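Protein chains in written order, with our numbering: chain Z, 45 to 325; chain Y, 15 to 315; chain G, 13 to 176.
Honestly, the hints are just simulated from the structure, not real lab data.
A couple of the hints might just be wrong.
As the list claims (entries may be wrong) - Listed below are the simulated DSS-like cross-link pairs for lysine-lysine, each with C-alpha atoms no more than 27 Å apart in a straight line: (1) Y:Lys215 to Y:Lys52; (2) Y:Lys141 to Y:Lys52; (3) Y:Lys102 to G:Lys171; (4) G:Lys171 to G:Lys149; (5) G:Lys149 to Y:Lys102; (6) Y:Lys52 to Y:Lys102.
These numbers come from a predicted model, not from an experiment.
Now for the letters of each chain:
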Amino acid sequence: MITALPGLGIGIGWRPELALMIARRAGLRFVEVVAENIDPGAIPLPIQQLRERGVKVIPHGVSLSLGGADPFDRDRAARLGRLAAALDAPFVSEHVAFVRAGGIESGHLLPVPRTRDGLDVLVSNVAAAKSVLPVPLALENIATLFEWPDPEMEEATFLAEALERTDTLLLLDVSNLYANSRNHGFDPLSYIDRLPLERLAYAHIAGGVERRGLYHDTHADAIPRGALDLLEELAARVTPCGVLLERDDCFPPEMELEAELDAVAASLARGARRREVARAS
Amino acid sequence: MNLFLLPNPFELRGPEFLALFIIMIFFAAIACTVLWRKIGYLRDDVALPRLQLDPYEAAYLAGDVELAVDTAVATLVQRGVLSVDAVKRSIAVKTTLPPSAHPFERAVYGNTSRAGSSIASIRSKSKREFQPMLARLRAHGLVPSEEQARRASLVPALIMMLVTFFGMIKVVVGTWRGRPTDFLLILCFISGGIAVLFYRKRPATTSRATWFLDQLRRDNAALEYTAKTKPAALAGADLAMAIGLFGIGSLEIADGPLRDLRTTLQPPPSSSGGSSCSSSSCSSGSSCGGGCGGGCGGCGS
Amino acid sequence: MQADPRARLAEAQAELIRGLVGRGCPPAGFARSRITAASDALLMKRARGVASLWPTMARALGESFHGRFARYAQDNPLPQRGGPLADGRLFARALASAGEFPEEARLETLAFDARYAACEGGFIARRRFCIKAAMLKHPRRLALVMRGSQVGERWFQFKLPLSS
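Just chain Z, same shape as in the assembly (with noise of 0.2 Å):
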């Protein structure tokens, strides 16, 4: 499955806020951009210049709505193909979620109800993508603070599933798992074991906060522990290709993120010595 993935290293998600430091960081080899910010013919100057240096830059979907039962909008899963032609991406990623039912858009990643009528309809919209996206695709899952009433299956198991059915790639957010683990009380580790680990592309990492006792995935906070925890945990079971660290909002100074990236670093080189010892054992 995984046979042409380039060894992406450790990434940032592309922000004009962190371009300059993005600019001047030696050694990042990807990047992940917002692909609804990115006019696919009217790339921003600094992207297209990661880009001659060899830096991989993946168009990240926010609005696809895959989850969505609303008709599938091919015009957009269009762009998004377009956008990853300009950028010679090795592939593109959306989510597990929906963002648009009844004409309003939510503004948000909302969860997919986990029912066999939810993921045929995710399986049907995957397809629908593929046939106009020229490039493979990966999914993320998402961090949701409420569930649907009634589900048949658990979310890993869902997950597996899709992806099974759909032949396509994974984005693990570890930080997504984290919040939902804690918001939803199961154990992480078994979702992770429980997961097509040989599809992984790589793995998203990102901050949140507590507030009146359920876990916020902000994007604008501190990598909680737990998350790093979890990062160990699957270096420790697959060698993830990438792993992006995603920040939005109240951008810290330099070396704040610059320590957050060391973290994730040791946390992947904890995994995998890890695994390298389980191996040899």
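Based on the hints, put chains Y and G in the right spot on chain Z.
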């Protein structure tokens, strides 16, 4: 084409000549502007060595010595060496300047009083302190020498004088024939005025400078994005380069002393007609590609 | 109740979104407190999105920004095209019709109007040349912006004599 068969322009009737003359002035003015700008014309086959320009030199090329002064003031404000009072529109010395400061920063610092100076007075006092940097820019062919500048403005001036002369001949012919020449005379004044304008306004930079500036702006594209969205993240030298290359508009969404500085540096709307306001006060949404899409993780804060 | 599973799901998703954005009751079966928390977070995110892209307006409104925005968001769903930038423009328009629009943000809306044109469902980037003007107070002046692919974006401000 037999030239002798062309109609004699001076034999044209009044309104037709006026039309011809207006078109002449228009195209001549455009041609002269192009010529005036082409000073030190860059040949495509010549490879230019990469120059390291410091932010104040870049500012001079991008704007003029005033922008260089503004850039120095902004750097010093950000470092906490100078303080700004947005209400009184004055800039004052706050602490002592560290010895490692750039010579131009030292000069600007020296021209600011503890009690507070207006930006206009700092600018006018610091203009001559720029001379050493000007000499370096001249040596690199980025700023024309006096001689080059005079020659560059002479040619367009002469062309416009020729056009004026052309019109004056028709005025003479018309007067001699007893025709009304008021309009034509006015046009001649305009044309002559343009000639004088060209002669008096010397080009400050060469086309080589334009090329370098474009290169520098391209090289600093990432700096522009960060400056326009999070100027607080910029260290002194980066902030100076951002203002020097991209103007005061780089401080669009700065907070604190830099915002006060921006208000102080922007001229109040002049009472005599238009003043061009280089910065828009809208944020960089447009450089974001038309508004951010929904749902990019991050649920509230 | 629709027979087709996809149509049924579409209905259920629509009902959920309506409940989340405050245009309907929270649907049955969902944990009430969680839906409320999600709803608050959605509003916060929408408000932050607008505040970050319309900093002058947000700063001018100060403490009252969130309250006013919440009221606007209650009656106006997210525009389908243009994202938070368009959302902010519509918010500004709502403020203006209520007489609450801050004067300091006039240039911000003028810049937006020069760069984006209204279309069905929101706004899209302009491609053609346009000129926009606005009358500003304190001091009384006319702001003019000219925008085109050749000229770029040029701003002018003309001070006007005080009207008696």
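Given the proposed pairing of Lys102 of chain Y with Lys171 of chain G, does the C-alpha separation stay at or below 27 Å? Given that 27 Å is the threshold and the Cα spacing comes to 21 Å, the pair holds.
Can the restraint linking Lys215 of chain Y and Lys52 of chain Y be considered satisfied, given a maximum Cα separation of 27 Å? OK: Lys215 of chain Y and Lys52 of chain Y at ~14 Å, within 27 Å.
27 Å limit on alpha-carbon distance, applied to hinted pair Lys52 of chain Y and Lys102 of chain Y: violated (42 Å)
Given the hint that Lys141 of chain Y pairs with Lys52 of chain Y, test it: the Cα-Cα distance must not exceed 27 Å. holds (25 Å)
Check the hint pairing Lys149 of chain G with Lys102 of chain Y against an upper bound of 27 Å on the C-alpha distance. holds (20 Å)
Going straight from one Cα to the other, do Lys171 of chain G and Lys149 of chain G come out at no more than 27 Å? The hint holds at about 10 Å.
The earlier numbered hint that this structure contradicts is number 6, and it is the only one.
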